[in-house]
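Trainee: Residues per chain are reported as follows:
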Amino acid sequence: MAECHPVGFQWVMEARLRGAKVFHIDPRFSRTSAAVDRYLPIRAGSDIVLLGALINHVLTHGLDFREYVLAYTNAATIINAEFLDTEDLDGLFSGYDPETGRYDPSSWAYEGDVEQVRTLSEGGLAHAQAAGSDSYGARGPGASARPPADPTLRHPRCVYQILRRHFSRYTPERVEELCGISRERFAELAEAITASSGRERTTAWVYSVGWTQHTTGVQFIRAASILQLLLGNMGRPGGGILSLRGHANIQGSTDVPTLFNLLPGYIAMPNAHRHAGLNDYLEREGADTGFWGNRRAYTVSLLKAWWGEAATEENDFCFGHLPRLTGDHGHYATVMGQIDGTVKGYFVIGENPAVGSANGRAQRLGLANLDWLVVRDLTLVETATFWQDAPEIETGELRTEEIGTEVFFLPAASHVEKEGTFTNTQRLLQWREKALDPPGDCRSDLWFFYHLGRRIRDRLTDDEIDRPVRELTWDYPEEGPYRDPSAEAVLREIGGTGPDGRALSHLGRLRPDGSTRCGCWIYCGVYADEVNQAARRRPREEQSWVAPEWGWAWPANRRILYNRASADPEGRPWSERKRYVWWDQARGAWTGPDVPDFEEDKPPDYDPPEGAKAEAALRGTDPFIMQSDGKGWLYVPSGLSDGPLPVHYEPHESPVRNTLYRTQANPARRIFHRPDNPYNPPLSPRFPYVFTTSRLTEHHTAGGMSRTLPYLTELQPEPFCEVSPQLAAEVGLVNGGWATIVTARAAVEMRVLVTERVRPLRLRGTTVHQVVLPYHWGYRGLVTGDVVNDLIPFVLDPNVFIQESKSGTCDVLPGRRPRGTALLELIERYRHG
Amino acid sequence: MAERMGFFTDTSICIGCKACEVACKEWNDVPDDGFVFRATSYDNTGALGADTWRHVAFIEQDGRWLMSSDVCKHCTHAACLDVCPTGALFRTEFDTVVVQSDVCNGCGYCVPACPYGVIDRRERDGRAWKCTLCYDRLRGGLEPACAKACPTDSIRFGPLDELRARAAERVERLHADGVTEARLYGESPDNGVGGTGAFFLLLDEPETYGLPPDPVVTTRDLPAMWRWAGGAALALAAGVAACFLRRT
Amino acid sequence: MPKRRDEMVPDAGFRSYYGQPVIKAPVWHEPHMPVYLYLGGMSGAASMIAAMARVTGHDRLALAARMAAAAGAGVGSVFLITELGRPERFLNMLRLFKPSSPMSVGSWTLAAHGGLTAIGAASAVTGVLPAIGDAATAASAVTGPVMAAYTAVLLADTAVPAWHEAMRELPFLFTGSALASAGAALMLTTPRTAAGPARAVAVAGAAAETAAGMLMARRLGLAGEPYRLGRAGRLMRASRMLTLGGGLLATMAGRSRALTALSGLAITAGALCTRFGVLEAGRASAADPKYTVVPQRRRVAAGDLASVPGRCRPATKP
Ligand SMILES: Nc1nc2c(c(=O)[nH]1)N[C@H]1C(S)=C(S)[C@@H](COP(=O)(O)OP(=O)(O)OC[C@H]3O[C@@H](n4cnc5c(=O)[nH]c(N)nc54)[C@H](O)[C@@H]3O)O[C@H]1N2
Ligand SMILES: Nc1nc2c(c(=O)[nH]1)N[C@H]1C(S)=C(S)[C@@H](COP(=O)(O)OP(=O)(O)OC[C@H]3O[C@@H](n4cnc5c(=O)[nH]c(N)nc54)[C@H](O)[C@@H]3O)O[C@H]1N2
Ligand code: SF4
Ligand code: SF4
Ligand code: SF4
Ligand code: SF4
Ligand code: SF4
Ligand SMILES: [Mo]
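If you read the protein sequences in the order shown, they are chains A, B and C. The numbering of the first sequence is the numbering used here, which starts it at 1 and goes up by one. The numbering of the second sequence is the numbering used here, which starts it at 834 and goes up by one. The numbering of the third sequence is the numbering used here, which starts it at 1082 and goes up by one.
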């Protein structure tokens, strides 16, 4: 966090000054490790063992926050009898199809829900085929609001008992054996987090891509969620699981998404095979209880924002105009499509996949096989110049003259050269003013899309096929000499307007009848009172410590989600120290320094009437209002592709055998057996070392914004690998010299930094050496270097399709790599052993 | 004269982000220092110099990684200023030491005079450069760029007296927490340079960070030097005279 | 206390930051600075000789000495100015007179001395205004010794250990060397018969230079090490041999013009070597953090911290 979120890290330093104890769990001793109380080196990809052992520790020692767990989680809920756990199937859950490598999740449902789930998800399996898990999110179809439960937690099929059994094999011994963390250190961590949880205290977990870029990435976070729910650390100040986001506006670009399978506000993208019309879509895409029960209002308001007057009740509000999914259209699928010739054109907007994405060689081969490529960036990044200076030109695999791709490079305005919002890590929208005009031909991305759309519309015919684009509302006011569309007008559209055309104040005002328009329902209210709420900058001295008037947080300017959980079931703060949002009996309302994440006037003793829908179906004691049952899910009955509970599987490429189960790696992971994507065999002596990739404070991601600046380049001028003195001695590396890292995909060279910060891990009986590779360099910029991502294959988490770039295997050779065809020969030798 | 302003750099909370280095260069338009991979931990700018006015040192030790942002000390008795023949180096109303680049003729004398190895001559333009304690910003009522950029407040800027009091508290607190190796460096007005305007809280001996353990302003000994030189000059005169007188 | 890890540092006797220097080495270039030091010293001593020669009636010698003094100061100034990072701003040296800056004192001295010797030489060559020429020469007998000695302060008044620690011996080394250089220069430019006093000066200077050099090496301890090692050591040894040899030769050269010339050249070369050697030793002592850290650390260990008596609050130690 100090390394990649230094500005945010100041608050961790502040917390330490106030007595917080901070642990850092990371394979690499980074700047963060240097500034905390305890650093725990861990083997990359083994965190579920550690988290599982912490869960087991809490459960076996009865350290859970029982009142919280009983009232607010699904611990008591009973799971149907068809469900079989990894305990029963040695590492597999029920529903696995070895043919397709996919799960049918219907057997994971709550007692009584199986049939309905099975019907709505068309036999269950279908949902997993086309990025299904994302289209459900945490709102599985047909899950009931009041499933059978056993408040004594004794029922053998209640979640609590399933959890106990499931995690019983996650012991401190396994932590020692698989993570490389000693029992003493584990005990210290377990003691610290349990001591700092409960009524008076909270513990927060903070993660970023060290937890996500794994074939089990989603389950890493799930494991942390279970722990936090058991300890009562959700929805309370100082608690939670804080996902530190990436690019300054990456949160914004998931909310109003650049993701293929989501519409704004985490609304599922319709599927060509599953969704006929709007009603069918809405019925299948989630439960009717909890806040997702209002999804018709969200979806219709979105369609109205896009198609305006053309969207009517009669024509399904133009639902038919939306594009449809036919399968996986994620980044990696697209690249493989390029290589295979099915993808002909490509827009790359603010991304540098030739350097930043896994299997760099495949990325570039894909680019070289296009008809046209548009790159919009601040500088000529590698993705725009691959035809000239890609490493494949040097090896002779590509020849400039033979590349047919027509490349259009369009210079982009940077964030200081345009106005707009950033949505950051804590869902806070902050308005940025434009500081100066963009130079030369640089234009904002908003300008680009708006004018591209305008020009396309100019060329449209009356033909039916052009209708969806013709009928779009595309009417932003233009400003300035370059006719920039007004960014505030866009924000206002996103924030929503009512029947009177005035900006909406709150998402509760959204209607399913087409009378409201809203570009992203969770952002509804960001333009309340016709004021750009994101632009508020009232100093913290002038407001409460929660600072609600600094920017605007979605939804409804809430700073902590699910904050109903900061009060006990009766609505009283769990403790005075930790009071945050509570029930004010006199006023008959929830109150506190933050906006309550609950219907303001729903009393704690509210009991829903039979047949109630949406939020009205949840009790006054159900804080997790987005879930169909209002509970924090210790066990996830639907929505995940690889199981309802986290399981430790080894990374796809690992030198270590999974000693917990016979199943070595995540059985549902996405693998692609293709000649351009060869894998290192697991447990292969040819690739004995573990490598992990990471960032440096001095550079930014694929480097287009840092390798081009002398002040940053001088701070870390060359790619390097961090190795322990022991590994250096074993392989023959010298500090300041060169090393070559080899996988089945590539061999890359880098300078050597020998450091005791990297420690060989003693697992039981063996030593695992880890190599740390910052990945910021490429073949352009003030300094150049090999692309670390060339080492990494396409192998993906099955839920969100993120690549496994945090743990792989490799060999390490002293000295520089061979050039030209000799390089290909070296890799070829490694491929075939 | 305004109050004496300075820096208290608390290295115990530095996270080595180098924002101070970059902010300094941005504000003061300092050129880059070359692209050299030094293999000295995460330090690739090496030392303070004409093109690096803030420098973050990285020291790897068993179990800890020390980081410290170094800067000109703005000495009470500044050797650089004392020896500057042109008056290019001067003391400002904030009691800081600043080079006027239009006056400096590049004689280079300040360079070996500084007991901390701070000021340096930039060969490209022949002038001596170092931290100005952001004189222009101070005059405009702003805090220095490096302090402003520091996310952890490792660099604190303010009236020196306040900083000294704060530093003393901080050391006490660290000692109470068992960090007995914490110590202040440079803050004592009794030291060899009469106290520094930029002082530090260190977690190890100064030399570990590349700082001199007991620096002295060289001009302290200047009277003695002139006496010896006077003696030598007289001896020369006498010698010559003797050679002639012996002959005649 | 945690262990330290200083693998990069070869010398385990002290701690440093990756073996990097603590102070900055002088930025002065070769040959400019050492040659200037030589010329300035030579000129200073020569002006003294000129004055004495004039007083004692050695007119031929006086003429040569005046010329040498003027040439040394003139050419020296050129070397000094080209050494500046911005020669065009040389005159900023004379913006103010700053006693705390030996370079300021030196610049004024050089300006005065250069002017006086120039007048002396011009008058002697042209025969114009002889009284003024004599007066200028007489006055340069005051600036001359300062010229020869101030450069020692110039070097000593730095943080460079090999120089600062040598603050007592350097002036004698430099004035001795200046005597030797001037004597040698005059031996080379004056007919033998007229050069008697110059020979004596050369021999005396050579003796003084050698003595001061040996004393310095003996007394300086660790800070003297750079004068013995590496390139500086070789230069200093060469200087010793040339100076001693040249001095001895001067006493024995008798009537031989060749031997006299050889002796003059040897002494001159020795004096140059001294300046190059001293400069190089300074550089070496600045480059190795040992010379800065070890003595300071010893002071700290002994509780004998440096302070600035009389310049700040009451010092802890006198
Ligand atoms: N200076 C700077 N800041 C940045 C960025 C940048 O490039 N430079 N990028 C931004 C972006 S896009 C993002 S996504 C974020 C990313 O921010 P971070 O996630 O903090 O970045 P990384 O360095 O990639 O990975 C974090 C750590 O995860 C560790 N790690 C690897 N594998 C494992 C594992 O299995 N378990 C555990 N516990 N740790 C593991 C790595 O050693 C590394 O230290 O940073 C953002 N901020
Ligand atoms: N091995 C390995 N690979 C990784 C990761 C890892 O940890 N390890 N991390 C992954 C992660 S989390 C990320 S986010 C990716 C990042 O990978 P990329 O997104 O491919 O890399 P960036 O360098 O961030 O590319 C962003 C580009 O946007 C440009 N840009 C900036 N502002 C604007 C703008 O306003 N408009 C336009 N049009 N362009 C702009 C920048 O100049 C820059 O070139 O890398 C991923 N790859
Ligand atoms: S670069 Fe921006 S987003 Fe990243 S830490 Fe610095 S201030 Fe925060
Ligand atoms: S540290 Fe050096 S450069 Fe800075 S004021 Fe002191 S003597 Fe001058
Ligand atoms: S280099 Fe410039 S600042 Fe330094 S002493 Fe000479 S004139 Fe003064
Ligand atoms: S005070 Fe100003 S000049 Fe000095 S280091 Fe900080 S930013 Fe640079
Ligand atoms: S900005 Fe602050 S925290 Fe960052 S390196 Fe500089 S002093 Fe350290
Ligand atoms: Mo990211």
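Quick caveat, the hints were computed from the structure, so don't treat them as lab data. Each hint should be verified, as a subset may be incorrect.
20 Å max Cα-Cα, derived EDC-like pairs, lysine to aspartate or glutamate [unchecked claim]:
| id | chain 1 | residue 1 | chain 2 | residue 2 |
| --- | --- | --- | --- | --- |
| 1 | A | Lys344 | A | Asp280 |
| 2 | B | Lys981 | A | Glu478 |
| 3 | A | Lys613 | A | Glu67 |
| 4 | A | Lys578 | A | Asp255 |
| 5 | A | Lys434 | A | Asp458 |
| 6 | A | Lys344 | A | Glu402 |
| 7 | A | Lys434 | A | Glu406 |
| 8 | A | Lys21 | A | Asp280 |
| 9 | C | Lys1179 | B | Asp1010 |
| 10 | A | Lys21 | B | Asp1010 |
| 11 | C | Lys1179 | B | Asp884 |
| 12 | A | Lys613 | A | Glu599 |
Over 10 Å on every C-beta distance to chain A, these chain B residues come out as not near it, computed from the model [claimed, not checked]:
| id | residue |
| --- | --- |
| 13 | Arg871 |
| 14 | Phe923 |
| 15 | Arg957 |
| 16 | Arg1016 |
The structure displayed is predicted, hence computed values, not measured ones. C-beta: ideal position from N, C-alpha, C; glycine also.
Trainee: Against this structure, judge whether each hint is valid.
Mentor: How the hints compare with the structure:
The suggested pairing of A/Lys344 with A/Asp280 is violated, with an alpha-carbon distance near 33 Å, which exceeds 20 Å. Of the supplied pair hints, the one linking B/Lys981 and A/Glu478 is violated, its CA atoms being roughly 37 Å apart against a limit of 20 Å. At roughly 27 Å between alpha-carbon atoms, A/Lys613 and A/Glu67 are farther apart than 20 Å, so this suggested pair is violated. For the suggested pair A/Lys578 and A/Asp255, the alpha carbons sit about 30 Å apart, so the restraint of at most 20 Å is broken.
Simply put, A/Lys434 and A/Asp458 have alpha-carbon atoms about 30 Å apart, too far for the 20 Å limit, and the pair is violated. This hinted pair checks out: A/Lys344 and A/Glu402 have alpha carbons roughly 16 Å apart, not beyond 20 Å. Our distance criterion of 20 Å between C-alpha atoms is broken by A/Lys434 and A/Glu406, whose separation comes to about 33 Å. This hinted pair does not check out: A/Lys21 and A/Asp280 have alpha carbons roughly 51 Å apart, beyond 20 Å.
Proposed proximity of C/Lys1179 and B/Asp1010 is contradicted: the alpha carbons are some 50 Å apart, above 20 Å. For the proposed pair A/Lys21 and B/Asp1010, the alpha carbon gap of about 13 Å is at most 20 Å, so the pair holds. With a CA separation close to 28 Å, the supplied pair C/Lys1179 and B/Asp884 exceeds the 20 Å bound. Straight-line distance between C-alpha atoms of A/Lys613 and A/Glu599 comes to about 14 Å, which keeps the hinted pair within the 20 Å bound.
For B/Arg871, the requirement that its beta carbon stay farther than 10 Å from each beta carbon of chain A is not met, with the minimum near 8 Å. No Cβ of chain A comes within 10 Å of the Cβ of B/Phe923; the nearest lies about 28 Å off, and the non-interface call holds. With a closest Cβ-Cβ approach of about 14 Å to chain A, B/Arg957 is found to remain outside the 10 Å limit, as its non-interface label requires. Residue placement check: B/Arg1016 keeps its beta carbon more than 10 Å from all beta carbons of chain A (closest about 19 Å).
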